[in-house]
Amino acid sequence: MKRLATLAATGLAASLVLSACSSSKSSGGSSSSDSSKPVTITLLAPNYGSGTADDSKNYWGDIITAFEAKYPNVKVQLQEATWDNLATKLTTALQNNDAPDLFEGGGYADVAAQGLLYKASDIVSPQTLSNLIPHVAQLGQTKGQDGQQAQYGIPFTTSTRAFFYNTQLFQQAGITTAPQTWADIATDAAKIKALGKTGFGLPLGSEEAQAETYLWTLGNGGGYKDASGKWDINSPQNIETFQWLTNNLVKPGLTEPDPGTKDRTDLWKDFAAGNIGMINGSPALLPILKEGTIGSNFKSSPIPGKTGTLSTPLGVADFIEAFNSHPDHKTAIGEFLDFALQKQYQEKFDNLYDLLPATQDAAADLSASNPALKPFIDALPTAAWYPSSDPNWDPASQKVKDIVGKAVTSDPKGVLDQIQAVATASN
Amino acid sequence: MTTRSERGRLGRPRPARARSVLSGLAPLAWIGPAIALIAFAVLWPVVKMVQSSTTHWSRYGVNLGSNGTDNYNKLFKEQDLSGVLERTGIWVVVVVTCTVVISLGVAQLFNQKFPGRTIARWALIAPWAASVMMTAIIFKWMLYPGYGFINIILNDLGLVDRNSTTADWLGHSGSGFMWEMAVAIFVSIPFTSYTVIAGLQTVPAEVYEAAKVDGASKARTYFSVTLPLLRPALLVATVINVMNVFNSFPIIWEMTKGGPGYDTATTTVFMWILKGQNIGESAALSMVNFALIIVIVFAFLKVSKWNSEADA
Chain A
1 MKRLATLAAT
11 GLAASLVLSA
21 CSSSKSSGGS
31 SSSDSSKPVT
41 ITLLAPNYGS
51 GTADDSKNYW
61 GDIITAFEAK
71 YPNVKVQLQE
81 ATWDNLATKL
91 TTALQNNDAP
101 DLFEGGGYAD
111 VAAQGLLYKA
121 SDIVSPQTLS
131 NLIPHVAQLG
141 QTKGQDGQQA
151 QYGIPFTTST
161 RAFFYNTQLF
171 QQAGITTAPQ
181 TWADIATDAA
191 KIKALGKTGF
201 GLPLGSEEAQ
211 AETYLWTLGN
221 GGGYKDASGK
231 WDINSPQNIE
241 TFQWLTNNLV
251 KPGLTEPDPG
261 TKDRTDLWKD
271 FAAGNIGMIN
281 GSPALLPILK
291 EGTIGSNFKS
301 SPIPGKTGTL
311 STPLGVADFI
321 EAFNSHPDHK
331 TAIGEFLDFA
341 LQKQYQEKFD
351 NLYDLLPATQ
361 DAAADLSASN
371 PALKPFIDAL
381 PTAAWYPSSD
391 PNWDPASQKV
401 KDIVGKAVTS
411 DPKGVLDQIQ
421 AVATASN
Chain B
1 MTTRSERGRL
11 GRPRPARARS
21 VLSGLAPLAW
31 IGPAIALIAF
41 AVLWPVVKMV
51 QSSTTHWSRY
61 GVNLGSNGTD
71 NYNKLFKEQD
81 LSGVLERTGI
91 WVVVVVTCTV
101 VISLGVAQLF
111 NQKFPGRTIA
121 RWALIAPWAA
131 SVMMTAIIFK
141 WMLYPGYGFI
151 NIILNDLGLV
161 DRNSTTADWL
171 GHSGSGFMWE
181 MAVAIFVSIP
191 FTSYTVIAGL
201 QTVPAEVYEA
211 AKVDGASKAR
221 TYFSVTLPLL
231 RPALLVATVI
241 NVMNVFNSFP
251 IIWEMTKGGP
261 GYDTATTTVF
271 MWILKGQNIG
281 ESAALSMVNF
291 ALIIVIVFAF
301 LKVSKWNSEA
311 DA
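Those protein sequences? They're chains A and B, same order as listed. Everything in the first sequence is counted per UniProt numbering, starting at 1 for the first residue and increasing by one. Everything in the second sequence is counted per UniProt numbering, starting at 1 for the first residue and increasing by one.
It should be emphasised that the hints constitute simulated quantities derived from the structure, not laboratory data. Values in this document were obtained by computation on a predicted structure and should not be read as measured data. C-beta: ideal position from N, C-alpha, C; glycine also.
Negatives, chain B to chain A, calculated, CB over 12 angstroms:
#, residue
1, Cys98
2, Asn155
3, Gln201
4, Glu209
5, Ile240
6, Phe300
7, Lys305
Quick look at which bits of chain B chain A covers, simulated, 3 or more residues with Cβ under 8 angstroms:
#, region
8, 51-65
9, 168-176
10, 257-265
11, 274-288
This is chain B alone, in the form it adopts within the complex (with noise of 0.2 angstroms):
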């Protein structure tokens, strides 16, 4: 209203200019500790992680001045480098899509009306209320070859002798990425399935009564109503899953280090590690990974056209 009222008075001499360009930057005011927020927040760090990427550092912190793209020719002679992010790759199209069919059938279960429902759906938040870093542990102990009590089931149920070199799960890298996946889209189905919950209960009855005077059957109506409906639920947890997924550091280093070697490191992990020895080149790969996660958040938003209104 202000705005308006001064924008009346352009014509007029300099003082009342000064005026308006104040008065234009008013809103400032309002938007302002939100603007700093996320110059603080955000902007600041990028700004950060984009510097110590171009430094070269010693091994103790000590900035030694600017090298250029050094620390990125590095990064990418490093002859594990291919192999982590392919493996990245793995573990995010895994987890992701692992956690969200899992998650579908879940919520659908948990949405019936059944005795004990309240309990149930309590029960549910337990692997997400956990830290996560305390269930890969747990899991670790559990896969211990011996006398771990996975292998001991297993063992019982005759599909795996617990002293064999298969009990050893963790101990290569093949079956430890495996079960590392497996605890990975444990602890992401809790939220996930919520998400996807507070979706279902947003469809309202009638489109069920319509696909049923329609003669639909079951099946089709998931597919054709339930589904289509869910959709802004399921993108959010997709997208919210796909950061943490790609991000998630507990499981992985707690239950192998990423090893033996790097065979079970993704970028998360592998950054980490290099850290201890080349603060500059770990930069760089947060730096690739900041650009990687963008990519794909803004390729999965394209593909899935998260802004259009119509569900067509």
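Chain A extracted, bound-state conformation (with noise of 0.2 angstroms):
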């Protein structure tokens, strides 16, 4: 009797054991959307700083206090990520049930086909969304899992880029004016090496290979995707710009060593300090030379193409997403947004970050504010975007990071076949 005793409570703390293990992921799902009732809504966003006091903490700190104080009953927690770690997070975050409420600074039109968004039109109010500048908003909108199209980014903040050159350097090399073809970027970058500096910075590795890419494509009359609209990302024109690179900046040795390996972050840093004679660059990269030894001897202009400048400007938009994990949660979300959406708090993150608005009201403001933003603002309607209401766009940008760099050392066709591969692959 006393040996059938252990063994049934053997069985019944194994059991439990199992039970208690299998039971953990059921919360969370009850829906109620008692606005009286006190809850936490987290926010996964990237830090845009470079140092410990422009930290995008700060920013985000000032604005949660200012609404906590508004909005007693809502918490905000905000878990801040790296740029080159931010997508990862994200996806695990997912895959482990454990999604943010909101999540700013990635593509959206992935998941919003998996139906994991809020429609924007479901928690912010008509003024946020009406006030959004309309050629962004609409970067913004993909079809959801009902196939419907509809508004799921809300873009929080743009940058166009420009072309950057070390005027002093320049000047030591004897060159008179900024290159408007690619070739002049190869001559000038020679002169620059024979100086003992790197000619051209080339950040193919894997923090952000897709905007290289893209700058560089564009340049040829290419991009990720052809006129209809069809992915293209291994056209002739892709293959041959990254073989022009190839030839003619990475093998006479006029870029940093193994650009396929080097970040943009680090490469603006070496530009800020004088080592790098051009780089591409956004307004992000402005507060990073402000803290560096050029002082001003920088100067930017058009992005070299292969036979002129470009046209058109790339213009990147940073989008928020809302998660429809916590449906108790969607209030409060709502309400977070519209606040941190006010025409103040965007003006205070271009004037710190140097980046462009999203919203109208903050667009007119900064134009006359601030006169260095308003060539970068005013050229928002004709820029070139990612095509990042596709939804294949952030495995495929994903890819772009991951490979992107082989296609200066190996075979470049080889390299964007897998990359268009994966873009047009169905999920």
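Take the two lone chains, each set in its own frame, and fit them into one complex as the hints suggest.
Written as structure tokens, this is what we have:
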């Protein structure tokens, strides 16, 4: 009898252990939108800053403090990530059924197609929606799980890209005008290399290779998609672009060593230290330049293409997306977004990082108050953008980050074929 | 004891038989927790792994139903896979071999009596005690072109110009992978050395005396007496190292993230990269890894006749 009891107890204990482990995921599904109940919402966002002073957690921290004072029942928890692991962090969180309520910084189409996002119109006020810059807001529209086109990505910040060069090095090398074509870049880079510096900074490492790739392929009439909207990553123009880069910049040693493994931020810092002659940058490079030793010895100009400068600058929009995994957080999420997208916070962000706004009132204000940003803001409507409303853009851009660096050391066609295969795969 | 007395009364009618079955299960009360633990910590994950590898997952972990062997087909069509497998083989063989050989020497040294031996033995623990990830990051910084510590030393010795492309060790797949293997060896040596030291201490002094009396040379004594007697310790050290090194992730991830492209990725790193793109395919690779490590370990144990008593 005693034995039986022991046996039963052991069996019970074992089954308890098993059931305890299998039931750990069932919380958080109940729905109630009682706004008086205290809730904690989470926000996953990248750090736009380059030091402790301009760390983005200060920016969000100020908004959160003000927001929590106004809405005492809502707590906002910020999770910050670096740019190079932001996408991985989100993917891992989603795979573990632990989505943040709000995510800022990445693509949205892929998750929207899976039905994981709220429509913007379901959470934020009509005023907030109509205040978004129309052209940019359009980029946030994609098909949801229901097959209907709707606004899923809420633009938070935008930027355009420009070409930067070190005027002091240009002077020493006897270069008088900014390069207009690829050939100019190669010639100037060789002159700068003769000074013992790096001619051109080419960041094809995992951090933001998709931007550098786009800038160069645009210069040859290529890009990620063709005119009809079909993926065209392994197009002859794109292959030719990488062949040109390999033969004219990388092989002659006019770039930093091994561009396929070098990240943007590191090279920007090196440019700010005066070690690189030319580099493609965004307004986000400006704060890094202020910290570097380059002083005011730099200038920006339109990005050179194969035969002339790019007529359409590359525009980049970072979106906010709201995950629907906690229905009881819905009201709070909307309240927070309406609050955070106010003019004063948009402007504060743009003045802090020299980036561009996503809302009309902030754009109008900034055009007047910050003349340095005005040309960039004016260029927004004509910019070329990533195909971010395509659900395959997220996996495709990840593949670009993973392997495009090899396109300048091995057969570019093989590399681009692989990326094209990911972009056109049905998921 | 109980079992035996019950068995004696086997011919009895039903109630007794029921009791005998029950008492036959009695040992379960003792081994039950262990079985439950194994079932929970070993078998259940394996079942889950097989399931995941035959399931179609969305990129964000939504289960879209079974898809048979699709994930495996996709995995074997992956054009980087053969390179990754080849590299994993090199990684395991080179790292484990170098670790064991170096550790044999280190253990011999640390088994001698010399002043400061205790401190030296403590110091040997350092690479083991430090987080592998931190060690990898520190090495990455030391190898930084231009002003990395290792590059400055090599530069001052006149071996490598610290601003040259050669100095960008982690930028090329060849030299990057070499340095990663070096770091893997560096962090594996302490454990292996300690296992060997423990083995050395079990070798009785008499056998050395006998060898001396027979006039054996130092080298002969080492290869004919010490090494054979070290076999059990070496076996343990090697098997554990093979598994550890095969599954090693942080060194490669921190130093090169498997890049450029996937040119420094081993199967474990590649599995992680795939997980961001296709969970099912990644699960299929983890099954392949699982099978590989089982085959490797069994083959190794078979070859080394681990359970034979005689050391002939």
